[in-house]
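Here the protein sequences come in this chain order: A and B.
Sequential numbering of the first sequence, starting at 1, is according to our numbering.
Sequential numbering of the second sequence, starting at 213, is according to our numbering.
Note that these hints are calculated values from the structure, not bench results.
Computed from a predicted structure; not experimentally measured.
Possibly wrong hints are sitting among the right ones.
As a list, the in silico SDA-like pairs of lysine to any residue whose alpha-carbon atoms are at most 25 Å apart [as the list claims (entries may be wrong)]: (1) Lys126/A / Leu415/B; (2) Lys57/A / His69/A; (3) Lys226/B / Leu324/B; (4) Lys125/A / Met308/B; (5) Lys395/B / Leu415/B; (6) Lys392/B / Ala104/A; (7) Lys395/B / Leu100/A; (8) Lys367/B / Met83/A; (9) Lys99/A / Ser341/B; (10) Lys227/B / Met308/B; (11) Lys57/A / Lys367/B; (12) Lys392/B / Val139/A; (13) Lys367/B / Thr111/A; (14) Lys99/A / Met83/A; (15) Lys125/A / Pro303/B.
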Amino acid sequence: MMVLYTIISGFLLPVPRLAILNETIRSLYFHVPIWFAMMTLMGISVFNSMMYLGNSKIKSDIVAVQSAHVGMIFSVLGILTGMLWAKYTWGTWWTTDTKLNGVAITFLIYTAYFILRNSIEDDQKKARISAIYNVFAFVMMVVFVMILPRMNASLHPGNGGNPAFGKFDLDNTMRMVFYPACIAWILMGVWIMQLRVRMDVLTKKLLYDENV
Amino acid sequence: MFSLNFTHFIVLLKKEFDIEFRQKTALNGILLFVLSTVFVSYLAFQKIIQPNVWNALFWIILLFGSIITTSKSFLSEQKGRMLYNYWLYNPRQVIMSKIVYNSFLLTIVSFLTLFLFTIFIGNIVQDLSTFSLILVLSSCGFSSILTLMSGISVKAGGSFTLTAILSFPLTFPLLLVVIKVSKFAIDGLAFSVSVQYLLVLILINVIVTTLSYLLFPYLWSD
Numbered sequence: 001m002m003v004l005y006t007i008i009s010g011f012l013l014p015v016p017r018l019a020i021l022n023e024t025i026r027s028l029y030f031h032v033p034i035w036f037a038m039m040t041l042m043g044i045s046v047f048n049s050m051m052y053l054g055n056s057k058i059k060s061d062i063v064a065v066q067s068a069h070v071g072m073i074f075s076v077l078g079i080l081t082g083m084l085w086a087k088y089t090w091g092t093w094w095t096t097d098t099k100l101n102g103v104a105i106t107f108l109i110y111t112a113y114f115i116l117r118n119s120i121e122d123d124q125k126k127a128r129i130s131a132i133y134n135v136f137a138f139v140m141m142v143v144f145v146m147i148l149p150r151m152n153a154s155l156h157p158g159n160g161g162n163p164a165f166g167k168f169d170l171d172n173t174m175r176m177v178f179y180p181a182c183i184a185w186i187l188m189g190v191w192i193m194q195l196r197v198r199m200d201v202l203t204k205k206l207l208y209d210e211n212v
Numbered sequence: 213m214f215s216l217n218f219t220h221f222i223v224l225l226k227k228e229f230d231i232e233f234r235q236k237t238a239l240n241g242i243l244l245f246v247l248s249t250v251f252v253s254y255l256a257f258q259k260i261i262q263p264n265v266w267n268a269l270f271w272i273i274l275l276f277g278s279i280i281t282t283s284k285s286f287l288s289e290q291k292g293r294m295l296y297n298y299w300l301y302n303p304r305q306v307i308m309s310k311i312v313y314n315s316f317l318l319t320i321v322s323f324l325t326l327f328l329f330t331i332f333i334g335n336i337v338q339d340l341s342t343f344s345l346i347l348v349l350s351s352c353g354f355s356s357i358l359t360l361m362s363g364i365s366v367k368a369g370g371s372f373t374l375t376a377i378l379s380f381p382l383t384f385p386l387l388l389v390v391i392k393v394s395k396f397a398i399d400g401l402a403f404s405v406s407v408q409y410l411l412v413l414i415l416i417n418v419i420v421t422t423l424s425y426l427l428f429p430y431l432w433s434d
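Take these sequences, add in the hints, and give me the full structure.
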């Protein structure tokens with residue numbers, strides 16, 4: 001496993017190095033892959049929540065909650081990189097846009113998820129109830145982030161008549177960076193999530209003597 | 213088998229109405245809530261003629277009213293009766309009966325809010341039939357989301373605050389579509405403009421009802 005982790009982090013290194021140049025289009029290397037990573041993590045989270053509802057194994061719950069944790073961190077990163085980009089491109093940090101609203105609400109939904117978890121004492125109960133909420137919340141988030149922006153015009157590239165990146169990043173160098181960046185960020189997210197899961201499992205084993 | 217289940221469903225639905233009529237506190241509480249908020253807005257605004265302000269105020273009052281209405285749906289069940297129902301009925305029928313009952317209640321509450329708005333603040337809706345359709349659809353959607361959330365917060369031993377925290381973000385997709393389409397109805401735009409949004413509204417309703425239907429049995433088994 002450790003070897004796998006080093007390979008993954010080895011993947012990561014060249015990506016930032018290539019991208020440290022001050023052109024806002026380079027935000028594509030960070031902002032967009034971060035969202036892909038977040039969606040992947042939330043997907044893992046909801047998948048494990050469903051698993052938990054099926055099999056009641058506490059391991060599934062741990063994976064679900066830790067992916068939601070890391071997904072939250074990624075959503076903050078995504079918002080920050082997006083804000084930075086928006087400042088230079090749109091001239092403002094925050095503006096009314098369906099995608100921005102969607103992200104803000106995603107953030108609220110997952111905050112509510114953690115508040116729900118904190119308010120329940122019993123472990124099994126906590127896991128089951130929050131799993132139910134997670135499944136519900138994920139579907140609503142998909143509705144919000146995927147479906148609604150299609151209905152309203154968005155300022156984002158590729159929406160509402162704005163040129164998409166696809167039109168001018170057809171040169172292959174950007175693709176060479178963009179696709180690995182997506183994979184790298186997703187793998188990085190999964191890697192952090194796995195570390196946290198292992199930590200959580202060990203804590204439970206040591207402190208509570210539970211077999212997970 | 214299906215007919216038997218359907219009888220159960222009717223029995224459960226009837227039970228909800230019976231409870232409501234026996235202890236009228238819940239319904240009266242909601243009436244008072246809507247009345248007082250509308251009256252406060254009347255004192256603050258007098259008559260409202262800007263569509264945006266009217267729209268926003270109407271839906272905010274209705275959102276809070278809906279949350280208060282539905283948060284009672286599981287709190288009123290005593291512990292013993294929950295257990296009794298658990299042995300007797302399929303959880304899917306329980307949730308469906310509660311959702312149908314709450315949709316009914318919320319429809320009443322929303323039309324009442326509209327009525328009070330007409331009296332105090334003024335009714336600026338030009339296309340009332342479309343607006344009524346929106347009210348019914350939004351009541352069904354809110355009822356599906358909020359019933360499940362109230363169930364969750366009761367199981368979590370939480371209070372009203374927890375229900376509100378859990379349901380707010382989840383109602384936003386529905387609420388945004390509703391606000392947008394009711395703006396069209398207020399401005400009296402042609403029905404063909406609103407159709408697309410009404411379809412999305414129905415789609416969201418179907419999604420949330422299916423989710424509640426599928427997820428509730430897991431919540432129920434304790």
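Would you pick out the hints that fail for this structure and give their numbers low to high?
1, 8, 9
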